[in-house]
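Peer 1: Each chain, letter by letter, is given below.
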Amino acid sequence: MAYTLSVNGRTRRVDVEPDTPLLWVLRDTLGILGPKFGCGIAQCGACTVHIDGAPVRACALPIEAVGKGRVTTIEAIGDSEVGARVQKAWSELDVAQCGYCQPGQIMSATALLAANPRPNADEIDAAMAGNICRCATYNRIRAAVRRASGQPEEA
Amino acid sequence: MADGAQTGASRREAILLAAGGGGLVLGFSLAGKGEAAQAAPARLNTYVTVKPDGWVEVVSKNPEVGQGVKTSMPMIIAEEMDADWNKVRTLQAVSDPALFGRQFAGGSLSIPLHWDELRRVGATARALLVAAAAKSWGVEASACTTEPGRVVHKASGRSADYGSLASAAAALPAPDPQTLKLKAPADYRIVGRFTPQVDTPAIVTGKPLFGIDVVLPGMLFATFEKAPVFGAGVEAADLDAARAMKGVRKAFVVEGSGGLEALAPGVAVVADSWWRALKGREKLNTRWKAAEASQMSSRRFEEMATASARLPADKVVRHDGDVDAALKSAAKTIEAEYAYPYISHANLEPQNCTARFQNGKMEIWAPTQNPEPGRQLVAKTLGLKPEDITVHIIRAGGGFGRRLSNEYMVEAAWIAREAGAPVKLIWTREDDMRHGFYRPAGWHRFKGGLDAQGRIVAWEDHFITPGSRDGQPGRSAGMAATEFPARFTPNFRYNLSVLPISVPTGPLRAPGSNAISFAVQGFIDELAHAAGADPVDFRLKLLGDFGLVGTPGRDGYDAARMRGVLKKVAEVSGWGRTKMAPRQGQGVAFHFSHMGYFAQVVQVRVADDGQIKVEKVWVAGDVGRQIVNPSGAIQQVQGSVLDGLSGALTQEITLENGAVVQGNFDSYRLMRINEAPPVEVHFVLSDNPPTGLGEPALPPAPPALCNAIFAATGKRVRRLPVDPALLAAG
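Chains as they are written, first to last, in the working numbering: chain E, 1 to 155; chain P, 156 to 885.
Hint data in this document are derived by calculation from the structure and do not stem from the laboratory.
Some hints could be false.
Partial chain P-side listing against chain E, Cβ under 10 Å, derived [claimed, not checked]:
#, residue
1, 222
2, 355
3, 367
4, 833
Coverage of chain P stretches by chain E, computed from C-beta distances (three or more under 8 Å per stretch; other residues unrestricted) [what the hints assert, rightly or not]:
#, segment
5, 429 to 438
6, 494 to 505
7, 576 to 590
Using N, Cα and C, we set each Cβ at its ideal position, and we do this for glycine too.
Isolated chain E, as found in the complex:
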């Protein structure tokens, strides 16, 4: 099946089966490797991308369900003011350990701050709870979200 997608501001045409998850269209068909594979069942959040600004788990979203939604991946999130701020905080605080989950973390954090510019501690935890960090960089993730939202890092 042929699908026309909007990915990172570009129109892309792909020919894949309807049940192909968006993640594998991005990674294997389009060579967009920032979104990561962790679980395949929307449990870990490593594959998080935005569709029309909302965070979705690309590993469990069939391509046929994407429709006309505008897909944004970690590769282009820095084009938005909020995304760039989140990436900057992540760099300054050196959030990553292995780094594998961090594209997904940054996508979730950016979606949070776009919707809620000054989230409190519970709101941060709630918004980020879908993203597993196996290295458990959670202390720094919290601090980076707070820094990116202009709040003191210690709650």
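We have chain E; now place chain P onto it with these hints.
Peer 2: Positioned in the frame of chain E, the structure of chain P alone reads:
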């Protein structure tokens, strides 16, 4: 340390191939080309190349798995070299033991094994640059100093940047590294400073950095199905049904050889995308041969352990004094049984590997912690010469010991050769969860005796562990004869029984220690409470006024260092001085492993329904006189602590009919951010060589948690994972 020019160039190119600067650039070297026409970069030694523009390339020899060595090891070189860190580029070495010696990420050993060597590597480079400057200025080298990236001759006011000196320096004879004076720590400009990881800019922008991101021209994608029951062979599979699926190029049975740590039997499906390979795999309907392991179940293991605990042990590993007499004459005795389950490494990046077989040569891109044994395994299994195999070490999405094994590497190599095309093999999460080398389950039956003054006068641990039929503990399932509190209690006996269980096991972050500490520090806590003593005071008394016990580097245990971190953590946590609410409490534990001394206080609040909220953790650690990179160091400690808590709270691998039950993160729960307490880290500096931080902060976390739960609820957790239902009020 001039290799012949040709060898040096080819190795250099290989290094660059593996590194790829801003991402994985495979197949050609960007850096080599443009520069060939200009001044050549000058290679000062195996690790250091200075470019004409002043940029310094420093090779990082060991695999990066999130422990931070791709940053911390080059920092050490750059420090002694007096490089400008803002003009240092780090390159990941390929696997080349002839050039680099052992390259691995394990045992928290990168820093202790290389601290001296890497400082001398940097000092050698600096000495060459200084000598080149001195020669060109006609002054004594001893009259020259360095500033970051430059040599300075103060007397004449001259200075030259490293880039301009590089080719002259490379032509000079290298000094004997042992004769070089190293910097005083007070003069450090890089080591000891908060330094973000060198790959951080690439990580936060989603650049392809990981094994799973490797892309080769003409590459196909593979999935490899192995038996649910460990090691079972393939009886039959509907290969044609798989081949009929769109995009599937090959489907074939792999007979396997050499056991689970080598090439296991299975069925490979190769397609033009990984999703299509999976769709083909769904059609295989594989039938597996009967296997002896299908008798295994977790329930059976429990029955075996319970029976074993009632019987005399297989053997006495250690007996100091007379435990039976001491128990008989003790003022008070207590007994307890502790148990912990198998757990999985659950690296977030599933096992994967990319391989290309061309003209008799195998090239492999592997997120491995242990590349050279992988190369040897591929050579042996495929009948290739090791020298015809190149292993590129690729950043791994988590190690935790899982990637010390290399079976994904030999699978990828085998499948690529069979497929006749470059292949990227990716395991599903379920493949990963069900084909691990698990942290072994274990059981401890303790007896302890206290004298009238509340001191431990007798300690007996009957340790029951999985292993072979002939009584050998399985991989990572043993316990040292010197495990604490051996040597610290006058009457001590360690009995060992081995259960014949063949679940594959292996090292998981702080192997042995990560589970033994839970049992030992839990039972110490029970003795403290039985003695009516404060748990910190009781532990300080147990450590006594001992200094170094045993031999450093072998079985040495420096009780003074442990007292140091224990006192520190009591101080910073407000131990004994903080008023606790009902069902709120603090617990303490300490453990020595991987040359690091760690003590922790965990504070919890347990709801009436038994749900546990870990409110905060305080950590004090002693890993010597120098923290190389405070950013990475704090990260490793926080990550280890939360890893330990996560394991204790929710993780358990169980078996039924010889197969692992759990498959994904819905049934195998890892800690999430809303469950993660703040972890406050304090380093106690001591006049000892710097040691590693990948592991030693983990072991105290599970027992400190359980001891806190006791303080909050009066209920003793003797079995992991913690069952909240047992902690409900009333």
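Peer 1: Hint by hint, say whether it matches the structure.
Peer 2: Here is what the structure says about each hint:
1. 222: holds (8 Å)
2. 355: Constraint on residue 355(P) satisfied, holds at 5 Å.
3. 367: The hint holds - residue 367(P) has a Cβ within 10 Å of chain E, the shortest such distance being about 7 Å.
4. 833: Holds. Min distance 6 Å.
5. 429 to 438: holds (count 4)
6. 494 to 505: holds (count 5)
7. 576 to 590: holds (count 3)
Hint compliance for this structure: every hint is met.
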